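Colleague: So you can see what is in the structure, the chains are spelled out below.
There are 2 protein chains.
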Amino acid sequence: MGNKNISMAVIRRLPKYYRYLGELLEDDVQRISSKELSEIIGFTASQIRQDLNNFGGFGQQGYGYNVEALHAEIGKILGLDKPYNAILIGVGNLGQAITNYSGFRNSGFEIKALFDANPRMIGLKIRDLEILDSDTIEEYIKKHDIDIAIVCIPKNGAQELIDRIVGAGIKGIWNFAPIDLEVPKGIIVENVNLTESLFTLSYLMKETAENK
Amino acid sequence: MGNKNISMAVIRRLPKYYRYLGELLEDDVQRISSKELSEIIGFTASQIRQDLNNFGGFGQQGYGYNVEALHAEIGKILGLDKPYNAILIGVGNLGQAITNYSGFRNSGFEIKALFDANPRMIGLKIRDLEILDSDTIEEYIKKHDIDIAIVCIPKNGAQELIDRIVGAGIKGIWNFAPIDLEVPKGIIVENVNLTESLFTLSYLMKETAENK
Chain A
1 MGNKNISMAV
11 IRRLPKYYRY
21 LGELLEDDVQ
31 RISSKELSEI
41 IGFTASQIRQ
51 DLNNFGGFGQ
61 QGYGYNVEAL
71 HAEIGKILGL
81 DKPYNAILIG
91 VGNLGQAITN
101 YSGFRNSGFE
111 IKALFDANPR
121 MIGLKIRDLE
131 ILDSDTIEEY
141 IKKHDIDIAI
151 VCIPKNGAQE
161 LIDRIVGAGI
171 KGIWNFAPID
181 LEVPKGIIVE
191 NVNLTESLFT
201 LSYLMKETAE
211 NK
Chain B
1 MGNKNISMAV
11 IRRLPKYYRY
21 LGELLEDDVQ
31 RISSKELSEI
41 IGFTASQIRQ
51 DLNNFGGFGQ
61 QGYGYNVEAL
71 HAEIGKILGL
81 DKPYNAILIG
91 VGNLGQAITN
101 YSGFRNSGFE
111 IKALFDANPR
121 MIGLKIRDLE
131 ILDSDTIEEY
141 IKKHDIDIAI
151 VCIPKNGAQE
161 LIDRIVGAGI
171 KGIWNFAPID
181 LEVPKGIIVE
191 NVNLTESLFT
201 LSYLMKETAE
211 NK
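As they're listed, the protein sequences go chains A and B.
Counting from 1, position 89 in the first sequence corresponds to residue 89 in the UniProt record's numbering; the numbering is continuous, with no gaps.
Counting from 1, position 195 in the second sequence corresponds to residue 195 in the UniProt record's numbering; the numbering is continuous, with no gaps.
It is worth saying that the hints were derived from the structure and are not from the lab.
The structure presented is a predicted model; accordingly, all values stated were derived computationally and were not measured.
Among the clues, some could well be false.
Identical chains blur together in the list; that is why a pair holds if it fits in one copy or across any two.
Calculated cross-link-like contacts (lysine-lysine; reagent style DSBU-like; alpha-carbon spacing at most 30 Å) [said to hold, decoys possible]: (1) K155 with K35; (2) K125 with K155; (3) K212 with K125; (4) K206 with K82; (5) K82 with K16; (6) K143 with K212.
So that you can see chain A by itself, here it is in the shape it has in the complex (with noise of 0.2 Å):
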């Protein structure tokens, strides 16, 4: 399917609509308009409409868009009709976390492996997964054949290991290091940066503040 030129907003949104259409898949509702979406989504009926046009258009006049078929579209849209193999790097608090989580799980992301650098943590186990030492890592991925790296260490250490990964076959970076991380066309790099994130929180308090 050629979905070309799909704005990147548009894109962020689709998670979202995932997201609610599973729930109401798991309520057994079958189909639901676009106002009905909007009641529950809190985009404007028009805007979903024009968002779910972009692929198609999955709804029909008079009877709204059928749960299931889009439910499935747009998870075919976003890729998670397929199964990834993913691995953990860094397995402080932050990546337990990430390991512990078991919502990627159900949406066909598994990690296969937990690496870290520390010599204290190799060897112990979170959830039957044992923490693999670093330097292993390239053998690992080339082995496995692992798409996605969940990369959780420091900042510092962070854009070499990297190279490493990407060197040894990884197509998609999931990063939490607080850093831009340089990779060669064609490498997906997600970037979660928590810190901006609070800075926008901030933003958004002062300015209601000051505009009361």
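With chain A's structure known, arrange chain B on it following the hints.
Modeller: Structure of chain B alone, referenced to chain A:
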């Protein structure tokens, strides 16, 4: 200052400017052109000039930007020139990771207390902060002038907790629970939705693979 009508896209870029300018300051860089800034941050020089013009234009032709002044001014715009008192609710792995991260404190966000509903957690300490009983949270907020709640609890029960803490006077919520919270007008919620971020990574990986 009347920073009305500035788009959220610009606002979301400001923390990045702030971070890079802070790093330049640490390296004793005193002035910088939009072109040099562009090479470091990755936005175009024209984008940078346009963004910073929103706030009154700190650059001077032929001189560039004064790094220290620009850093201070953006910090002020972001509301980082005054400290915030925060509490953290839900001391699981993620809550512990956030408690242990020193970067927030360096930016003026101080976690004053931790709360959990699990009796086995109550009374334990993390970084000299005792974990308090969630039942006492409203009392604590009122007594200690708390601005921000960092919410790291599961989805179930999250809205109920939010109603309680907003009633007690919380003005800003940094929300890690995978739920869209309902709050009264004037209360700011900044969501960190990890699943949506992961799905975006998946989408971009799929698109890249298909366009090869």
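Colleague: Quick check: which numbered hints come out false for this structure?
Modeller: 3
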